[in-house]
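> What follows is each chain in one-letter form.
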Amino acid sequence: MAVELRDDSDNGSDYSRPGSPSLSLPTPPLSGTSRSKGLGIVDHATFDQLLDMDDEDEFSKNLVLNYFEQAERAFGDMDEAMSASDLLALSRLGHFLKGSSAQLGVLKVKASCEKLQYYGQRMDAAGQHSLISNEEAEKQIRVLLTQMRHEYDEAENYLRVFYGEQEDEEGDEEDQRQQQ
Amino acid sequence: ECANLEAFRAKIEANAPKIRPQRSIKNYHSQRQLQLERAAAVGPIIDTSSSDRPSPRVLIVEDNITNRMILRTFLKKRGIGVVEAENGLLGVERFQEEVWRRDGKAGFEFVLMDLQMPVMDGNMATRKIREFEQSLVKQAQLNSNGINTLQPGQPSADQEGAYRRTMIFALTGLAADEDKRLAFECGVDGYLTKPVSLKTLGELLLETNPADFKIHA
Chain D
1 MAVELRDDSD NGSDYSRPGS PSLSLPTPPL SGTSRSKGLG IVDHATFDQL
51 LDMDDEDEFS KNLVLNYFEQ AERAFGDMDE AMSASDLLAL SRLGHFLKGS
101 SAQLGVLKVK ASCEKLQYYG QRMDAAGQHS LISNEEAEKQ IRVLLTQMRH
151 EYDEAENYLR VFYGEQEDEE GDEEDQRQQQ
Chain W
1 ECANLEAFRA KIEANAPKIR PQRSIKNYHS QRQLQLERAA AVGPIIDTSS
51 SDRPSPRVLI VEDNITNRMI LRTFLKKRGI GVVEAENGLL GVERFQEEVW
101 RRDGKAGFEF VLMDLQMPVM DGNMATRKIR EFEQSLVKQA QLNSNGINTL
151 QPGQPSADQE GAYRRTMIFA LTGLAADEDK RLAFECGVDG YLTKPVSLKT
201 LGELLLETNP ADFKIHA
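Chains D and W, in that order, give the protein sequences. Residue numbering for the first sequence is 1 to 180, as defined by my numbering. Residue numbering for the second sequence is 1 to 217, as defined by my numbering.
Among these hints, one or two may not hold up.
[Stated by the list, open to error] Non-contacting residues of chain D with respect to chain W, defined by C-beta distances greater than 10 Å in every case (computed):
1. Glu4
2. Asp48
3. Glu72
4. Gly76
5. Ser83
6. Asp86
7. Arg122
8. Ala125
9. Val161
[Stated by the list, open to error] Facing chain D, according to a computed beta carbon distance under 8 Å, are these residues of chain W, among others:
10. Gly81
11. Leu89
12. Lys194
Keep in mind that the hints were calculated from the coordinates and are not lab data. All residues carry an ideal CB built from backbone N, CA and C; glycine is no exception.
Could you build the full structure based on these sequences and the hints that come with them?
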């Protein structure tokens with residue numbers, strides 16, 4: 001995350017304005033890739049700032065549940081757009097889900113959504129303006145949607161276990177194996 | 001092709017790591033409680049105790065409801081009033097309504113503007129807001145010169161001082177230099193890349209807060 005402010009060296013404006021800020025704020029380090037924090041599924045440096053806002057209203061949990069609803073709707077819309085070969089709609093949906101995935105720290109879904117955004121505009125996965133054909137874009141998106149769904153299921157499972165909505169069955173089995 | 005997709009999916013599932021969150025929400029909050037007992041709260045909090053100071057208000061222009069929820073809660077917990085708009089066109093309308101609410105003296109204290117939105121994007125909305133502000137400044141100058149060209153029902157600008165320009169911060173995932181240049185050209189004062197660090201946003205609000213409301217850490 002970076003912050004950048006306007007460099008106001010031009011004083012020809014009609015507005016009375018506050019003094020031009022010139023501070024440069026440091027970028028907080030991301031630490032979500034270690035296995036001890038999020039296992040590459042959720043970036044806790046991003047996610048934990050939401051937990052810091054929790055109150056009796058369980059803000060972060062409601063936010064996550066809202067994200068699940070949003071994602072399910074988006075996946076449904078993506079399937080429809082795919083059936084209609086509507087690449088631009090797929091790009092918009094990718095951009096939309098990318099935003100909330102990024103703000104929650106859901107890393108893999110965010111990365112795949114970004115690729116979907118680019119493929120839908122017939123760019124390559126890195127967003128370079130080398131146009132690919134509609135057929136190639138559809139082919140890439142078809143594979144990507146399956147991958148994205150799996151990544152989302154993984155993230156959903158992780159977050160539901162985190163909030164105690166679901167038992168961590170695999171983790172319990174691993175504990176038992178380690179104890180034997 | 002379906003067989004290939006199924007094989008691909010099976011391969012992913014077979015190689016998927018065993019997922020186990022290393023902590024739960026309960027553990028997080030109990031650890032956090034211990035930290036808070038030992039340290040002061042972080043992040044700027046608006047001092048609304050003075051009755052002569054207006055409550056600060058921020059306009060959030062963002063099409064993603066999840067992101068709006070996060071920003072809204074963050075700002076409200078710091079005593080800042082929030083108005084929301086889900087696209088640039090509504091954002092411009094909400095801004096104009098706020099100016100009318102304040103008798104033409106100012107808009108919001110801050111505007112947080114997503115750049116990529118449907119209907120009207122953030123760059124265009126910023127440009128429209130700046131054009132509107134410029135018209136208010138010109139009106140204020142005309143009024144101070146004793147020339148009243150106001151139509152009935154229009155708000156009057158403060159004749160004792162110029163209109164106070166609103167700080168607009170772009171919130172976006174676009175990071176290319178060209179995108180930044182365009183945003184500044186349209187009139188934003190700052191640029192934050194997503195995912196937004198709320199701590200950094202809080203510090204930014206603290207550093208750049210307008211003169212007529214007080215934020216203290």
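> Give a verdict on every hint.
A quick look at each hint next to the structure:
In this structure glutamate 4 of chain D is not separated from chain W by more than 10 Å, as the shortest Cβ-Cβ distance comes to only about 4 Å. Distance check on aspartate 48 of chain D: its Cβ comes as close as 7 Å (rounded) to a Cβ of chain W, failing to clear the 10 Å threshold; non-interface status is violated. Every CB of chain W lies more than 10 Å from the CB of glutamate 72 of chain D, the least distance being 13 Å, so the non-interface label holds. Every beta carbon of chain W lies more than 10 Å from that of glycine 76 of chain D, the smallest distance being close to 16 Å; the non-interface claim holds.
At the 10 Å boundary, the C-beta of serine 83 of chain D stays outside the reach of chain W, the nearest C-beta of that chain being 15 Å off. At roughly 15 Å, the least C-beta separation between aspartate 86 of chain D and chain W is larger than 10 Å, which holds for a residue marked as non-interface. Even its closest Cβ contact with chain W, about 18 Å, leaves arginine 122 of chain D beyond 10 Å, as expected for a residue assigned away from the interface. Even its closest Cβ contact with chain W, about 16 Å, leaves alanine 125 of chain D beyond 10 Å, as expected for a residue assigned away from the interface.
Not every CB of chain W lies more than 10 Å from the CB of valine 161 of chain D, the least distance being 5 Å, so the non-interface label is violated. A distance limit of 8 Å between C-beta atoms decides the matter here; for glycine 81 of chain W the minimum to chain D is near 17 Å, and the interface restraint is violated. For leucine 89 of chain W, the interface hint is violated, since its Cβ never comes within 8 Å of a Cβ in chain D; the closest pair sits about 17 Å apart. At about 5 Å, the closest approach between the beta carbon of lysine 194 of chain W and any beta carbon in chain D falls short of 8 Å, and the interface hint on this residue holds.
The structure fails hints 1, 2, 9, 10 and 11 (numbered hints given earlier, in ascending order).
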